[in-house]
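Undergrad: Below are the chains, spelled out letter by letter.
Number of protein chains: 4
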Amino acid sequence: MQSFFSDIEPIRFSANTDNALHYRYYDPTRKILGKTMEEHLRIGVCFWHTFCWSGSDIFGESTFTHPWHHTTTDPMQQATLRAAAAFEFVEKLGLKYYTFHDRDVAPDGRNLRETQDNLSRIVDLMAGHMQRTGAKLLWGTANLTHHKRYMAGAATNPNPEIFSHAVAQVKHCLDMTQKLQGENYVLWGGREGYDTLLNTDLSKEMDQMGRFLTMLVDYKHKIGFKGTLLIEPKPCEPSKHQYDFDTATVFAFLQKYGLEKEFRVNIEANHATLAGHSFAHEVAYAFAANVFGSIDANQGDPQLGWDTDQFPTRLDEIAQVMYLILQHGGFTTGGFNLDTKLRRQSTEISDLFYGHISGIDGLARGLIIAAQILEKGVLQKFTEQRYQQWQTPYGKDILAGKMDFEKIAAHVLQHDKEPQLTSGRQEMLETMFGRELV
Amino acid sequence: MQSFFSDIEPIRFSANTDNALHYRYYDPTRKILGKTMEEHLRIGVCFWHTFCWSGSDIFGESTFTHPWHHTTTDPMQQATLRAAAAFEFVEKLGLKYYTFHDRDVAPDGRNLRETQDNLSRIVDLMAGHMQRTGAKLLWGTANLTHHKRYMAGAATNPNPEIFSHAVAQVKHCLDMTQKLQGENYVLWGGREGYDTLLNTDLSKEMDQMGRFLTMLVDYKHKIGFKGTLLIEPKPCEPSKHQYDFDTATVFAFLQKYGLEKEFRVNIEANHATLAGHSFAHEVAYAFAANVFGSIDANQGDPQLGWDTDQFPTRLDEIAQVMYLILQHGGFTTGGFNLDTKLRRQSTEISDLFYGHISGIDGLARGLIIAAQILEKGVLQKFTEQRYQQWQTPYGKDILAGKMDFEKIAAHVLQHDKEPQLTSGRQEMLETMFGRELV
Amino acid sequence: MQSFFSDIEPIRFSANTDNALHYRYYDPTRKILGKTMEEHLRIGVCFWHTFCWSGSDIFGESTFTHPWHHTTTDPMQQATLRAAAAFEFVEKLGLKYYTFHDRDVAPDGRNLRETQDNLSRIVDLMAGHMQRTGAKLLWGTANLTHHKRYMAGAATNPNPEIFSHAVAQVKHCLDMTQKLQGENYVLWGGREGYDTLLNTDLSKEMDQMGRFLTMLVDYKHKIGFKGTLLIEPKPCEPSKHQYDFDTATVFAFLQKYGLEKEFRVNIEANHATLAGHSFAHEVAYAFAANVFGSIDANQGDPQLGWDTDQFPTRLDEIAQVMYLILQHGGFTTGGFNLDTKLRRQSTEISDLFYGHISGIDGLARGLIIAAQILEKGVLQKFTEQRYQQWQTPYGKDILAGKMDFEKIAAHVLQHDKEPQLTSGRQEMLETMFGRELV
Amino acid sequence: MQSFFSDIEPIRFSANTDNALHYRYYDPTRKILGKTMEEHLRIGVCFWHTFCWSGSDIFGESTFTHPWHHTTTDPMQQATLRAAAAFEFVEKLGLKYYTFHDRDVAPDGRNLRETQDNLSRIVDLMAGHMQRTGAKLLWGTANLTHHKRYMAGAATNPNPEIFSHAVAQVKHCLDMTQKLQGENYVLWGGREGYDTLLNTDLSKEMDQMGRFLTMLVDYKHKIGFKGTLLIEPKPCEPSKHQYDFDTATVFAFLQKYGLEKEFRVNIEANHATLAGHSFAHEVAYAFAANVFGSIDANQGDPQLGWDTDQFPTRLDEIAQVMYLILQHGGFTTGGFNLDTKLRRQSTEISDLFYGHISGIDGLARGLIIAAQILEKGVLQKFTEQRYQQWQTPYGKDILAGKMDFEKIAAHVLQHDKEPQLTSGRQEMLETMFGRELV
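Residue numbers (this note's numbering), protein chains in the order written: chain H, 1 to 438; chain X, 1 to 438; chain A, 1 to 438; chain C, 1 to 438.
Read the hints as simulated data drawn from the structure, not as lab findings.
Treat the numbers as computed from the prediction; the structure is a model and nothing was measured.
Incorrect hints may have been included.
If several chains are the same, the list does not tell them apart, and a pair holds so long as it fits within one copy or across any two.
[Said to hold, decoys possible] Within a straight-line C-alpha distance of at most 35 Å, the following computed DSBU-like cross-link-like pairs (lysine-lysine) qualify: (1) LYS204 with LYS261; (2) LYS402 with LYS31; (3) LYS407 with LYS381; (4) LYS376 with LYS220.
Isolated chain H (complex conformation) (with noise of 0.2 Å):
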């Protein structure tokens, strides 16, 4: 079997290293408040951005030649070169979990039957590549954005046969989700949104998309696929404005149509910040909706205002990130998807590696400071303190129901005084954060 990634050792742990090909912070081994790091962080690598993507960008042609596009040019043969590279990859890398699109796996054929045979084909040798590595499918996800089909939406297009053919589609890859035990299934509607609202009826298209959702979890039930399903939150990109902008559009959104037991949401770190939210906002908000399910983790420039899907090494924000996952129990199906890309500059093979473990070790150092900080629980304690006022008498005979206006503006003029103020010791809090980013 070819070998593509042959001049590269296995990237292992080693502390103080001065290799970049080492990992300094990643130790899947170690433990971690009961956990080894692989189990608390459940990192995979996706298919698209890392074996796929050739270094194009929209003002530039392909810079990248790995040799499983330039070795042949039949797209099945491409296909079955990838698919080997792929898993030759997470192996090297020490990983446990990976995730694709149907498109980036297999090519479209000159009709869904043939499309949908390719696919079958070559996810029989990615159930191999996975019996011999190890490797698990943390999720897969139907590509309803590149092809010229979808221009104005899958599920929200204006034709219903162009909807049928995303059901179909994604009947398929949710059944090739579960051949391989995909953990999750997710769907991002990149083309669920609008260009114009001139030519646009929001109201019937978010109807036909509530409609798409509630028979995908049908199907779900039917077939018995036990993975979460998981809805990606993005504001744009390709479209002027998508459907699912943020978390809290997305939880508007299920409990109109009354799914929101059925779905989660995967929040990407670069989709947050575009929508104008930091990540841990995010994060949190999911929590306090319950719909927190996974992260594509990656993080954007702050001064571009497009997707750039960059390694993720912002210590701050990972760890703010890791800490309220932590505060919550944990991933259960969800885990951190590495949804990243090299810069198109960075054309050899190495880079590759070099882009993995800047962000694995990324993920790696946000874990090991937001355990630090749980552990101290100074943090959590001072928050807690903060609302304990909420425990007396008072503060839960309002929360309880057992108040109401009448009662509460009588109590106030009773005593009539100006309450308390209270320092929110913000800048304390940020030095004891900061004293834990190492």
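Given the coordinates of chain H, assemble chains X, A and C onto it according to the supplied hints.
TA: Chains X, A and C in isolation, oriented as in the chain H frame:
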């Protein structure tokens, strides 16, 4: 009775005028689509920016020397003069509505009882002004942001005594709004959010807000207030992140706490754009979610990242919103509140008129344009046509829930051919829309 | 000779038309302020978006099936057909100008010599088309962004061999532009910037660019090219940060390298807004710095953080820019190049016409409005009046350098009284401006 | 003499401390690369945010009750106490520098003479405090934004009498800065911009500013002020558009008026990001343009569109800037002024210490990290290597101006082969950089 605007003639409509103190478009009695302009637009003047703000900004002191503030230093006398000025102004503009916060019309006293007493006394004066001038109250609201007690939130404060203060204040403000026969009551939660997640329990704070609003609904029904309760979304400023980020977030919140039938939204143009949406998007979404209520009419500066509250003059923006409103049958209890302020270099009394005339004419032009578009019907027909295949038996069956993934996939595979693509015709529609801008 | 647009009648002016394939405002022969509309606007069609781009975006494949690309797969035959289509299109629109990048009109060959040969052959064809149709070349430019050799910049590349490739390419492209009697030559440095400062010597790269442009100036003079050299600012995309961020940055650069008399700017509306400026600001600044050259006419989406290159239809934006241009005497060698593209759902040939008509009418309306404002003179008079005290002997002495800090401070202390404040009258001016929008 | 901070021990360095009132990183006497931390960082405390601001924001009243403002209502007595508090604070932090605006330290009088007299009297007190404590003045500046006379600009005002007021004010402030042996004098033109182009002659206003600064330079030399003149860029706020948008815009301006040798820039982190740049970009550009002067150290909120002036704690941001400063030999007369303020919920005196300690430790960590990177030399070597081909005779000849377009094009055509591409290695460099963050 003292006149503050004796130099200014009542503002009247005058077609083709060059006089900037005439309306060129707003003719209150002109009939459009069966209603007068006045009935369509329901324009209100806001107390806050127009009569209270004196031209200060974060880097500079006041620049205005309004006589209602400068002929006395006694806060209650100022409030008395301010009220007189306000109703004279509304009358001179020939409008029917105004809006206020409690603290706009009467000052804080030494304690809550005195504060409420101050407000009650001025409200009595206002009732007299209303009777004399025929002005009506579009909505009232309580200012829960200015006083330092609310620095960490009102309903979402970590201290239940401050929560209680907010209850007492909102209760009294709703009482006063009812007394003045207000047609709506608004809540804007400028401090209901956070500065840092490090000291914030987002989930607990949202529960507090849910409890607060539930009690408000109970009280409203108890006292028989007939107006609509409105929540005004805004993403941030002054808080780093506000819980009522945008309409979708508010809709998610309302559904979570079972309040979606009790509240509607008061959409502000400039808040929409700060949240990363077009003004029209927020309105379209509100109609789709069945929570559209009222509008805070203004516009932001596309290059600035804060609320500039400028007079609405962008015709395409206003016309698109007006078109949506007309399509959905117009306002019920809502209207266009001019939440607008002068630039601080506009230091003269006449500038208050110039500004309002520009905004009112802006809204009138928007209405004229939207009505033309609606009457021609080209855009509406195009959009209906675009979705017409959903009216086939196949399309209807899908939406009616009579199909499932398997049946639909079988349908696609049976024919297995690529659907025909249809142009979205965005540029043609933009041309048709643009040609109506007059 | 093959016709690509035989279904479309030549686009003609027709006042009050409802036909979206007529101009309603652009009447090339109409005289305004002593010149025809055509002479004022000097509108050009760009090759790139209009004839080369096929509807792909970063998430999706091509959606257009233009016959010049689909009746052959040979790149030079495609180029031949594309050129024929382009000149037929320009003629059908009744325009006088077009613009191109070298790679738009002819494909890369196996080496530089073949590439240049390809270009020369198509340029000969274009010369024939120009003679036949009367079309003229507004400007040419070299594409230094698409080929992977330029991934790390062209003039600013760390490799002098790549710098040299850029020299050879620009030299040949300028030769061809001269051959076609281009009235300007443009440089847009989409890769002249950086992705990360960690591997970038900003100072060295700017020196390289200074050297490159100096040699270009020398070569221009040597060959006697009579056109204007233009630099097009853009802040980013594709690079993380581009050296020609905005007009001020370009002006700083030109002065540093002693080139401020040799270059002017080609301002693109959408690049201005990406840089955090209004379109009008960039134009006003360019006039103040005496480097105004030409315009890439389009508009961005206020909610999106990338270049959307939409057809210019925002009347206030265009009118303000047109007003500045008229105040400064109009274009010399510059003009309005429509750097605009269809939305990718606008898949039909007719959409190319709808889009261009909307943009051309947008520019025509802007001109009509600006001319009205100029003729009425209200705004101009107001502004002159505002600064009139600088025309007193005291004001003139200051500006003439006859005063110093001590004399002026003594003057102030002598009287020591507060200056009178004057209203800036922004709202009144906005009303006057808005009333001219027709 | 009254003590305001008697409850707080002098802040001292203590490695590995958990005490948020100790420095954990800032050890003023620690030697790094041959200089002490104190000598490297030259940290200053600003008067404005720290001692004058009382916790108000645009939506809320003051929340702080600092004793220097609340034990008297007489402005000059407040100023006297405030000065005492300031120097006690600087001493307690163990710092060497402070900065001020004229209006921070002394109040406006009834006329200019009284205003200047107020300032002179407090400056005398400050001189005493400086002698007693050893504190030094990093820079002084005049507040030309707060007073309403400057609402339409100071140097750029349409009224030459207001221009003259600004001259008198700046002259006196420079006199006072010289008296206090200030090492720099700063100009920030918060109102030197416009709110609308409709009433603005941008070209005339820039000429006024050029004249103003030229006279300032003359006066500086006349009185023998030895400090550096600094301009602080900011894109907007409070003005819609400020003439000193960013460093490049300032550099363009300085060159236009022949002042580029007389001024340097004072770069503020949060102003950089509001202008669409990274903080590091602005510093790198300033060094490339040879105008780097000093730093206003703080950080913004990536989600907010206004100046939040938070304490600098983002290690990657600070370290990158510190790395650039070290590479260029460190500060000369400049330093890190903490232009930072508490969040308004941080109401206690101790919060002033928590905040400053977090910022000072942030700067110290940045220095430690940058020094490590510099000493290892990996990044520097990589970058030098990347450009090494410019050191060949061919590369040198180009940069030396010995080549022209024709020779270079001939050189390329002679060999006519594609240059070898080299990876930019961004991810590897980010890993190396990230591993130094401690």
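Undergrad: Look at each hint and say if it fits the structure.
TA: A quick look at each hint next to the structure:
no.	hint	result
1	LYS204 with LYS261	both (23 Å within a copy, 21 Å between copies)
2	LYS402 with LYS31	neither (46 Å within a copy, 52 Å between copies)
3	LYS407 with LYS381	within (32 Å within a copy, 55 Å between copies)
4	LYS376 with LYS220	neither (43 Å within a copy, 47 Å between copies)
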